[in-house]
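Protein chains: 2
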Amino acid sequence: MNSVKYVYFFGGDETEGDRSQKELLGGKGANLAEMTRLGLPVPPGFTISTEACSGYYNVGDAGSWPDGLEQQIREKLIQLEKTTGKKFGSGKDPMLVSVRSGAAVSMPGMMDTVLNLGLNKDSMDAITQITGNPRFVLDAYRRFIQMFGNVVMGIPHHAFEEAIDRMKTSRNIDLDTDLSTDDLKILVDEFSSIYNKEIGKPFPVDPWIQLKLSIDAVFRSWNNTRARRYRQINEITGLIGTAVNVQIMVFGNMGEDSGTGVCFTRNPANGENVFYGEYLMNAQGEDVVAGIRTPEPIPTLRNVNEAAYEELLSIRTVLEEHYLDMQDIEFTIEEKKLYLLQTRTGKRTVFAAVNIAVDMVKENLIDKKTALKRIPASAFNQLFAPVLDRKSKEHADLLTTGLNASPGGACGRAVFTAEDAEEWSSRGEDVILCRKETSPEDIGGMSVSKGIITSRGGMTSHAAVVARGMGLPCVAGASSLIVDSVSKKMVCGEKEIAEGDLVALDGFTGEIYDGKVDVQPSEILCISMGESDPNESRLYLNYSILMDWADEYRRLGVRTNAETVKDTGTAVDFGAEGIGLCRTEHMFFEGDRIVSFRKMILVAEEVKILRERIAASDDTSSLEKELEAPLADYNEAIEELLPLQRGDFIQIFRELDGRPCTVRLLDPPLHEFLPNDSQGQLEMAREMEVPIEKIQRTVEKLHEFNPMLGHRGCRLGLTYPEVSDMQVRAIMEAAIEVKKSGTEVLPEIMIPLVGHPRELEISRTRVQDVIDAVLIEKGLPADFIYYRIGTMIEVPRAAIDAARIAEYADFFSFGTNDLTQMACGFSRDDAGAFLGDYVRMGIYEKDPFTSIDVDGVGRLVEIAVEEGRKAKPDIKIGVCGEHGGDPESIRFFNSIGLDYVSCSPFRVPVARLAAAQAAIDIATQD
Amino acid sequence: MNSVKYVYFFGGDETEGDRSQKELLGGKGANLAEMTRLGLPVPPGFTISTEACSGYYNVGDAGSWPDGLEQQIREKLIQLEKTTGKKFGSGKDPMLVSVRSGAAVSMPGMMDTVLNLGLNKDSMDAITQITGNPRFVLDAYRRFIQMFGNVVMGIPHHAFEEAIDRMKTSRNIDLDTDLSTDDLKILVDEFSSIYNKEIGKPFPVDPWIQLKLSIDAVFRSWNNTRARRYRQINEITGLIGTAVNVQIMVFGNMGEDSGTGVCFTRNPANGENVFYGEYLMNAQGEDVVAGIRTPEPIPTLRNVNEAAYEELLSIRTVLEEHYLDMQDIEFTIEEKKLYLLQTRTGKRTVFAAVNIAVDMVKENLIDKKTALKRIPASAFNQLFAPVLDRKSKEHADLLTTGLNASPGGACGRAVFTAEDAEEWSSRGEDVILCRKETSPEDIGGMSVSKGIITSRGGMTSHAAVVARGMGLPCVAGASSLIVDSVSKKMVCGEKEIAEGDLVALDGFTGEIYDGKVDVQPSEILCISMGESDPNESRLYLNYSILMDWADEYRRLGVRTNAETVKDTGTAVDFGAEGIGLCRTEHMFFEGDRIVSFRKMILVAEEVKILRERIAASDDTSSLEKELEAPLADYNEAIEELLPLQRGDFIQIFRELDGRPCTVRLLDPPLHEFLPNDSQGQLEMAREMEVPIEKIQRTVEKLHEFNPMLGHRGCRLGLTYPEVSDMQVRAIMEAAIEVKKSGTEVLPEIMIPLVGHPRELEISRTRVQDVIDAVLIEKGLPADFIYYRIGTMIEVPRAAIDAARIAEYADFFSFGTNDLTQMACGFSRDDAGAFLGDYVRMGIYEKDPFTSIDVDGVGRLVEIAVEEGRKAKPDIKIGVCGEHGGDPESIRFFNSIGLDYVSCSPFRVPVARLAAAQAAIDIATQD
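In the order they appear, the protein sequences are chains A and B.
In this text, residue positions in the first sequence follow our numbering: the first is 1, and each later residue adds one.
In this text, residue positions in the second sequence follow our numbering: the first is 1, and each later residue adds one.
One chain only, chain A, in its complex shape (with noise of 0.2 Å):
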């Protein structure tokens, strides 16, 4: 009736699935299939499909299998009990198998594992028969009643943990592996009578019920808090399900011959092309995992078993050259044999991504896209994120070292449970989240934390994975620390760190620092700005030879915003092309410029009403009379200006050196250059020495219920046209300066907030008309600076007239992050109180000012791009809102064919980089 398969089997010549059917069968799955092809030695079992997770939700009544789905995990079962001789849970040689999760993307937030599945009285008994093994059989099944209880039936894990606890103390013991047969016969006991007590009911004994229930906790465990956390966090969208894994047990706690352990073909911090990784014998996965034990390296299991090393490292080269990426290999060895039980793309830092992308294309391995489009755009600034500085640290008191499980450095208050990191950081503290270990429900306090420091757990621990996913510094397993969370303070020695004490620690070395150490720009950084030398860093060259990459597949030009010399040379270092957003009112706020400018504002309202007063009027001699003083206190203050701004332009053309420069005009409304508070103004009216109640008067007519829409952009040029002509003259008097002093100039003349073509064309005509005047004082040809007149357009209502507003631009320049807050409606300041709900509810996937909404606002900017090309076809388009740094919304940029983007000097990089993968895309899907 039924005839949608849900279930594939692996294992020798009769393996189902592949690599490709990574969406059908989680990345687990499809691995596992894809290794038992290769030959490679993968104990049997199958995969249930994310259909049936997505079945299981959506089919008749949430929460039940699916038809067909019980029918053939049974059969699969039987076909696995043939390939293995054995019988699941029961016979004399009982079939044990393990349950695990797998998503098409890696979520650790969801239910990972059961293992020993199928154990109980009696097949306790045959397997004890079979190994002669009884403390390991028992070890096996309290093991199996703890998972199961926990992630199956959700008893809390303490529950268990303190009953072990307990005995260990009670023993005098500090391991699990020193516990004895009969304490753990007691254990077993104790455990199950935990068990009946949190359910109600005896521990199951059922084989299938034991599956069923386990599959059931994987289906369920798909949509838990945790999960759905950790994809709205990582902005995993698009998923049906997860696929389960049943596949035959094999035992690394077999004894002193058996073992488990995680391995990565390359280092997954740096990069280094080293086999990398870490094992423990007599253990089972989980315990490498969890970061109970600390492990030990991989090279040192050549001394405990060189063949099964041996293997792993053709198992190393085999994978590498097949999936023709770094791979992070999970592998169980069971009294001397060797066994996968995972390979995968290897989750690495961005320092080892661009490390490996650029060795694995000098090995010839992969080609240069290939190389740029493994490099993560969204993390790629974390290249430039702080380290440590090398002279703090050197008068800084070491605490101790630790793995440098991940890169970076960062100095903060300590902290001891994620709560306190949120709540310290939302006081704007810079937190460090130390833990014994960290656990999923820590996400949301190491997400606001600057590092992590952990005293246990290894590279591979909960903390290391996700602080090297998350770029945050991490040291792990430093194990002289005791962490303790209760009364929330750690030890380390004699020295004893509280809550709210600084620490600083160091993810390159794995260094722990007891109280302040200054943080310093990264390698990249140092190198970039010249302070030390590119030749001795090999992140920088390869860096830079990724750059090289990226500008030669890209299309989009790439500028920055910038109104500063500073900010100008180190985008210009960073690759910028050009300036696409100079600020010039920020110009206004340094220092005296201030007064000038405030002296400006108390006068102009006064023009402006005097003004509007003889246009309406036919007897103007006596208005103009009374005009006359207010007009020259205005021209007077504006006159002051023009000197500094000419100078500013000065600086920055000569850093742009002949890069296109464009300069927005002032923006916002007067209104925030005067102060609101009846303190400032005191100050303000002894400053400028005019009566407080004249500043109080100005403040208040300037008031505005909507100031987002209110009197700025031209609007202001076009009520107060004289302070934009200082700003033109300063801008054409600069690049005349500097253009007869030897140096190239293209100054862009940037008119804001247009939202009809009327406003432009009036604009750009008084700005034309200061152009020609200026030239023609200096007695220079009309054509001596090239420059450009355009618009930034960021209303909604000049995207949708873009046609006839280009007859009067040469150029467009998107104001992103405006023309969002229009088109949706919401103004940023306000948003806070929905917009983290919406994005919770799906309406946005992800807050619309951080990557461009494409269906709304996008649609509007296309429709902009058609129109305003439709008139002139040779228009220059680009954008200088924030979107213009998000490598989501370059991908965009790049598909409706802007011209370039424009984003802050430290997202010049990430632009280069995002602008090439978008443009392989493109090239790709041709």
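Heads up, a few of these hints could be off.
Part of the chain A face toward chain B, derived, beta carbon under 7 Å [claimed, not checked]:
| no. | residue |
| --- | --- |
| 1 | 526 |
| 2 | 711 |
| 3 | 719 |
Residues on chain B that point at chain A, a partial pick, calculated with CB under 10 Å [to be verified]:
| no. | residue |
| --- | --- |
| 4 | 122 |
| 5 | 126 |
| 6 | 129 |
| 7 | 610 |
| 8 | 612 |
| 9 | 669 |
| 10 | 699 |
| 11 | 700 |
| 12 | 701 |
| 13 | 704 |
| 14 | 709 |
| 15 | 710 |
| 16 | 759 |
| 17 | 798 |
| 18 | 821 |
| 19 | 838 |
No lab work stands behind these hints: they were computed from the structure.
Virtual Cβ for every residue (Gly too), placed ideally from N, Cα, C.
Could you slot chain B onto chain A? The hints should help.
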């Protein structure tokens, strides 16, 4: 070389123009040509085209004549000399001409007329010789100096007036006509020296110079402040300039058998089909219009010159039958012979327009479509303007009676200058402008007044014409009043009215009252509301007929914006076909409801925060416990509102009697419901027995920087869904109750401020769930009530993404107020700072909040309609912003295929008319 024809002759068979050439020859010029062609007695002349005026501004240096113009004028002068056998300003029979401006649209604000041009020493002598009337010649010359000096050279009127007044005082006479020949001789000398003094040159004697300067002055007058303001106030756009008419002089002031007059083919005040007008014997044209002497009613002309009167009567018929509309005719009688100087479509009050249009259909002069098109939709609302209350009038103190120059009633504070009118009215006072006579300089003051009183001038005086145009009540020529604008009072016998005293006027009867008289709704309104008998009102009957015709032709539905039973009733009486916008929040402000609503707000934030924490937490049980108390308070406050809202809807649904009712769910941000000032907060705290700090905290928390773009509309419904739930429940319970009682209902639930399809999807699902729940509770079938669920399109993003939004909407209703704010990026509350400048600069031709900005906001509406219909062809689409009552906007909405408009109750008739006109225009185009 230059082949443009600028000058067009009229006279006998040589007439070059005709009535179709209004754009080119102006209204006056085209009609002079047309009347000549009809064989009517028109003095010959020529018309200089509007293209010449345009050339004056645009060709070469602004302010010089375009090539060929002078040559053509000289040729036509020669032709005129040939036709008349006279010589221009010289010879034995000198030819004198008039120069009159005349644009395609009549513009009283422009330079009007220079008469008697061609007079100088020589021609005066010659004419004295011919006429034997030296007094006439001297009077003509002093008028010429005065007019030329004033309108061509800009010498203030009073310079000359004072000289006349001095002369009259010294001679102890009242009227100009009583001045003797010798007096005039002295006056001419005095005028000449005034001219010489003011201009610094003697008065020009060369008739060509006189003509050239006069033509220049007409060209210049096109762009003077008055003319520009007139065009702006009257929304006249798209004209290129004025024409200039040069015409042989005929003299109404050649003695007692000469005269001049103005008449209308029907009564322009009430539309009665009687010959109507006035004349003055021994006077020139401006004497009638200027209102200096009060003229005689036209029927008395029969006694003075029966032949001329009979000729005029027959011309009345000829012109009406030719032009098929009421005409406004200027004539002059020169020594008993009648000449026509102008005919044009007569301006009329909207009362007259309604009566004339319906009458003319009955008389088979025009068809119904033409009748409908003749009614100025923008002025239609004057039909419902207030009138003086009859009973209040009986007890009021009648001051005097003047001419009933413009209908309507008004009461307000007397002011005596236009400036004072503007000032008092800016303080919120109703003012009545009282003047001796008004002039174009008074336009601003007139437009802010509630009514106009003048002591001089007739039905065609400036005051009367402008007041009728503005729809203001006016009593003109109340000659017993002495108005003194210097000491700011007016005297009537013993009574004195000072500035600020209350006066009232009745424009239907010409009565002026001292003190307060109540104003009441208009005739039509009284009848519409059942307070008077319709059969007693010709106006009401004609209005009803017209409205029936409108309904016959219109395609757009007309609904109303209403939230009270009273407004709903009014709107239905006015022909509304349902409610297009019922704003539920207004209901929360009424009476005690605000208390419950505020109670809800105070606790809502607490509930919201706890819910967010629950959503983000794994362990929710303690938080859920914490939520219990506030949630109970919250739900209790909401429940208190349910019966009140239900009661509102029951009443409205009953009143609508089956017509559709679009109910908008809560829209404004919550802070609008809380007092912002500490006094109000204190009162609220006392009343609600909560600490004031709690109120302050909530106000602070809810504060928004840009409330327009804040937490409102569906964003509220998504965050505080229980409030919308209650509203939906109230709507459905009310609908069920009304329907069960036998009255049909059609509720339409409208979700506001949707920007993203998913917002509507979620909101709609919730609304649907509540509806289902209510029906199930009541044990009713799902189809018991037919209802619709839809959304407002008011966020630009929604317009762009309308196809996807339409999936979840049964209807769209455009909220064009907010759409304009967001699309144009200006807040209605703040735009005052620049919108005036913008309209002045021609950036927007009209305030885009009054008339929809077709190219921007309109285009967004159009896109949304296209996209919405593409996704759902049968979706209902209307508009409920204020543009729904604006005729121009209605024309646009009709053109893009909306289903209906919704407007305030009083605009329903306008909307019906405008919708019919729009439909007729489209049908005519096809």
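Each hint tested on the structure:
1. The interface hint given for residue 526/A is violated, since its Cβ lies 39 Å from the closest Cβ of chain B, which is over the 7 Å cut-off.
2. Hint status for residue 711/A relative to chain B: holds, with the closest Cβ pair at about 4 Å, below 7 Å.
3. Checking residue 719/A against chain B: minimum C-beta separation of about 6 Å stays under 7 Å; hint holds.
4. Nearest Cβ of chain A to the Cβ of residue 122/B: about 36 Å, over the 10 Å cut. The hint is violated.
5. Because the beta carbon of residue 126/B sits about 39 Å from the nearest beta carbon in chain A, more than 10 Å, this interface hint is broken.
6. For residue 129/B, the interface hint is violated, since its Cβ never comes within 10 Å of a Cβ in chain A; the closest pair sits about 42 Å apart.
7. The criterion of a C-beta within 10 Å of any C-beta in chain A is not met by residue 610/B, whose closest approach is roughly 14 Å, and the hint is violated.
8. About 7 Å separates the beta-carbon of residue 612/B from the nearest beta-carbon of chain A, less than 10 Å, and the hint is met.
9. A hinted interface residue such as residue 669/B counts as satisfied when its beta carbon comes closer than 10 Å to some beta carbon of chain A; here the least separation is about 9 Å, so the hint holds.
10. For the restraint placing residue 699/B at the interface with chain A, the shortest Cβ-Cβ distance is roughly 14 Å, beyond the 10 Å limit, so the hint is violated.
11. Because the smallest distance between the Cβ of residue 700/B and any Cβ of chain A comes to about 13 Å, over 10 Å, the interface hint for this residue is violated.
12. A least Cβ separation of about 9 Å between residue 701/B and chain A falls short of the 10 Å threshold, and the interface hint therefore holds.
13. Using the Cβ-Cβ criterion of 10 Å, the hint placing residue 704/B at the interface with chain A is satisfied: the shortest such distance is roughly 4 Å.
14. Given hint, residue 709/B at the interface with chain A, holds; its Cβ is 4 Å from that chain's nearest Cβ, closer than 10 Å.
15. Residue-level restraint check for residue 710/B holds (minimum Cβ-Cβ distance to chain A is 4 Å; threshold 10 Å).
16. About 5 Å separates the beta-carbon of residue 759/B from the nearest beta-carbon of chain A, less than 10 Å, and the hint is met.
17. With a least beta-carbon distance of about 8 Å to chain A, the hint placing residue 798/B at the interface is held under the 10 Å criterion.
18. Look at residue 821/B: its Cβ gets to within about 6 Å of chain A, closer than 10 Å, so that hint holds up.
19. Annotation: residue 838/B was flagged as interfacial toward chain A, and the flag holds, the nearest CB pair being 8 Å apart, inside 10 Å.
The structure fails hints 1, 4, 5, 6, 7, 10 and 11 (numbered hints given earlier, in ascending order).
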